[in-house]
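For chain A, the structure is supplied; the task is to place chain B on it using the hints.
First to last, the sequence lines map onto chains A and B. Just so you know, the first sequence maps onto residues 0 to 213 in numbering that gives the first Met the number 0. Just so you know, the second sequence maps onto residues 0 to 213 in numbering that gives the first Met the number 0.
By construction, these hints were calculated from the structure, which means they are not laboratory data. All the pointers check out, no bait thrown in.
Pair ranges (Cβ atoms, derived):
{"no.": "1", "chain 1": "B", "residue 1": "S198", "chain 2": "A", "residue 2": "D69", "range": "14 to 24 angstroms"}
{"no.": "2", "chain 1": "A", "residue 1": "I184", "chain 2": "B", "residue 2": "M147", "range": "16 to 26 angstroms"}
{"no.": "3", "chain 1": "A", "residue 1": "S198", "chain 2": "B", "residue 2": "G194", "range": "29 to 39 angstroms"}
{"no.": "4", "chain 1": "A", "residue 1": "S205", "chain 2": "B", "residue 2": "Q82", "range": "36 to 46 angstroms"}
{"no.": "5", "chain 1": "B", "residue 1": "D74", "chain 2": "A", "residue 2": "E60", "range": "46 to 56 angstroms"}
{"no.": "6", "chain 1": "B", "residue 1": "Q152", "chain 2": "A", "residue 2": "K153", "range": "48 to 58 angstroms"}
{"no.": "7", "chain 1": "A", "residue 1": "N64", "chain 2": "B", "residue 2": "E60", "range": "53 to 63 angstroms"}
Straight-line C-alpha distance at most 30 angstroms; calculated DSSO-like pairs for lysine-lysine:
{"no.": "8", "chain 1": "A", "residue 1": "K58", "chain 2": "B", "residue 2": "K199"}
{"no.": "9", "chain 1": "A", "residue 1": "K7", "chain 2": "A", "residue 2": "K83"}
{"no.": "10", "chain 1": "A", "residue 1": "K203", "chain 2": "B", "residue 2": "K203"}
{"no.": "11", "chain 1": "B", "residue 1": "K203", "chain 2": "A", "residue 2": "K186"}
{"no.": "12", "chain 1": "B", "residue 1": "K199", "chain 2": "A", "residue 2": "K129"}
{"no.": "13", "chain 1": "A", "residue 1": "K62", "chain 2": "A", "residue 2": "K7"}
{"no.": "14", "chain 1": "A", "residue 1": "K199", "chain 2": "B", "residue 2": "K30"}
{"no.": "15", "chain 1": "A", "residue 1": "K195", "chain 2": "B", "residue 2": "K199"}
{"no.": "16", "chain 1": "A", "residue 1": "K83", "chain 2": "A", "residue 2": "K153"}
{"no.": "17", "chain 1": "A", "residue 1": "K153", "chain 2": "B", "residue 2": "K186"}
{"no.": "18", "chain 1": "B", "residue 1": "K199", "chain 2": "A", "residue 2": "K7"}
{"no.": "19", "chain 1": "B", "residue 1": "K53", "chain 2": "B", "residue 2": "K186"}
{"no.": "20", "chain 1": "A", "residue 1": "K136", "chain 2": "A", "residue 2": "K7"}
{"no.": "21", "chain 1": "B", "residue 1": "K195", "chain 2": "A", "residue 2": "K136"}
{"no.": "22", "chain 1": "A", "residue 1": "K199", "chain 2": "B", "residue 2": "K203"}
{"no.": "23", "chain 1": "A", "residue 1": "K103", "chain 2": "B", "residue 2": "K103"}
{"no.": "24", "chain 1": "A", "residue 1": "K186", "chain 2": "B", "residue 2": "K136"}
{"no.": "25", "chain 1": "B", "residue 1": "K186", "chain 2": "A", "residue 2": "K199"}
{"no.": "26", "chain 1": "B", "residue 1": "K83", "chain 2": "B", "residue 2": "K62"}
{"no.": "27", "chain 1": "A", "residue 1": "K7", "chain 2": "A", "residue 2": "K59"}
{"no.": "28", "chain 1": "A", "residue 1": "K136", "chain 2": "A", "residue 2": "K62"}
{"no.": "29", "chain 1": "B", "residue 1": "K103", "chain 2": "B", "residue 2": "K62"}
{"no.": "30", "chain 1": "B", "residue 1": "K199", "chain 2": "A", "residue 2": "K83"}
{"no.": "31", "chain 1": "B", "residue 1": "K186", "chain 2": "B", "residue 2": "K7"}
{"no.": "32", "chain 1": "B", "residue 1": "K186", "chain 2": "B", "residue 2": "K103"}
{"no.": "33", "chain 1": "B", "residue 1": "K195", "chain 2": "B", "residue 2": "K7"}
{"no.": "34", "chain 1": "A", "residue 1": "K30", "chain 2": "B", "residue 2": "K203"}
{"no.": "35", "chain 1": "A", "residue 1": "K103", "chain 2": "A", "residue 2": "K30"}
{"no.": "36", "chain 1": "B", "residue 1": "K136", "chain 2": "A", "residue 2": "K203"}
{"no.": "37", "chain 1": "B", "residue 1": "K7", "chain 2": "B", "residue 2": "K53"}
{"no.": "38", "chain 1": "B", "residue 1": "K98", "chain 2": "A", "residue 2": "K153"}
{"no.": "39", "chain 1": "A", "residue 1": "K195", "chain 2": "B", "residue 2": "K7"}
{"no.": "40", "chain 1": "A", "residue 1": "K103", "chain 2": "A", "residue 2": "K7"}
Where a beta carbon is used, it is the ideal one built from N, C-alpha and C, also for glycine.
There are 2 protein chains.
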Amino acid sequence: MRAVIPYKKENAKSRLSTVMTREQRETFVEKMLLDVVATLNEGGIRNLDIITPKACDVKKEVKANIIEDDTDLNDCLNEYLSQKEEPILIIMADLPLVKFSHIKDIVASKADVTIVPGKGGGTNILFIRKPENFRVKYYGSSFENHCMIAAQQKLSIRVYDSFLASTDIDEPQDITELLLHGQGIAKDYAERRFGKTESKGRVKISPFNEILMS
Amino acid sequence: MRAVIPYKKENAKSRLSTVMTREQRETFVEKMLLDVVATLNEGGIRNLDIITPKACDVKKEVKANIIEDDTDLNDCLNEYLSQKEEPILIIMADLPLVKFSHIKDIVASKADVTIVPGKGGGTNILFIRKPENFRVKYYGSSFENHCMIAAQQKLSIRVYDSFLASTDIDEPQDITELLLHGQGIAKDYAERRFGKTESKGRVKISPFNEILMS
Chain A
0 MRAVIPYKKE NAKSRLSTVM TREQRETFVE KMLLDVVATL NEGGIRNLDI
50 ITPKACDVKK EVKANIIEDD TDLNDCLNEY LSQKEEPILI IMADLPLVKF
100 SHIKDIVASK ADVTIVPGKG GGTNILFIRK PENFRVKYYG SSFENHCMIA
150 AQQKLSIRVY DSFLASTDID EPQDITELLL HGQGIAKDYA ERRFGKTESK
200 GRVKISPFNE ILMS
Chain B
0 MRAVIPYKKE NAKSRLSTVM TREQRETFVE KMLLDVVATL NEGGIRNLDI
50 ITPKACDVKK EVKANIIEDD TDLNDCLNEY LSQKEEPILI IMADLPLVKF
100 SHIKDIVASK ADVTIVPGKG GGTNILFIRK PENFRVKYYG SSFENHCMIA
150 AQQKLSIRVY DSFLASTDID EPQDITELLL HGQGIAKDYA ERRFGKTESK
200 GRVKISPFNE ILMS
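The shape of chain A in the complex, shown without the other chains (with noise of 0.2 angstroms):
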């Protein structure tokens, strides 16, 4: 099997502008990355492939195989798994609460697809053990694209249920998960940027230095 992950860090993560400047958001973004690799060698997954726009955009340390590729995520991931015969996982770059012990259960599943969905209908990570019968459906309600493509396809369907890989970070809001329940780097950077805001409502997050709106 093979793991690969779309990343784009150039004006990355548009709806935290309200709470990051544009620098911070880039950093943000490298930093979940750098968190989702690190899960992924973990538990010896070494055959990892980051699809980038702008294959300088990565970090020299991030032991990968980068495709430079700035076409549409569709087609791009589309183009990719009508080259493999092998298993593929799609893990999305922005979620740092993900644990390696969450892949080895999507990895060992038996299910012909695996999906984690995302918040409002996302997906965040997608298991496919037949790329070659898939294609991609990312933005929108893609959950339910992925369900139905995978239908029409009759392929078999497993629903991973888990908060902590079904968080990705996209709002302000799901700072507050990553503080609450992150550790890795992405939560010290995110710590560092941010206290938690107590009412009889949710926990809101309070940026310690506040940022003129981009």
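Relative to the frame of chain A, chain B by itself:
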């Protein structure tokens, strides 16, 4: 063991008031309670208490022992726990995505205390093997509170990792998860009132009929 559900119907779920009238919110919490009770019953949990400020707010069809208590949530639960010698499962009424398989896993835990975190630092489910040694502290960062209380009393802790069980329905975007991943009567109720709107980001709900802000 016994399960207990704290329940408040009157003007419930104020953070949903931008998308539901007071009457709709009260009906909605009633449906969610019925889903949670059905999930517990499904697996044979019959020793069920519902603590509520107004006994008549719980429908007659709900097979549970009703305890009327209009004191603060923490006070009434701590009073309740202090009188119990058997393991207690505290489960919130706003968890229509919980399945009985989750309950089964949780009550099979060997840890002294099993915690299912809620979104934003809350506590959705607590399973306490020896309730006489434990006190709850809900509101704010209750997940951290409960971990700390257990640690102070040298009780072993298991954090139960489930996206479905961690999704409490408190804010409009939580209804998206109910529409996408639910299957009970609360989902049916939400489905008659909301559609899903796709974008490049997360899926959002869109009310079929605009309502006045309450």
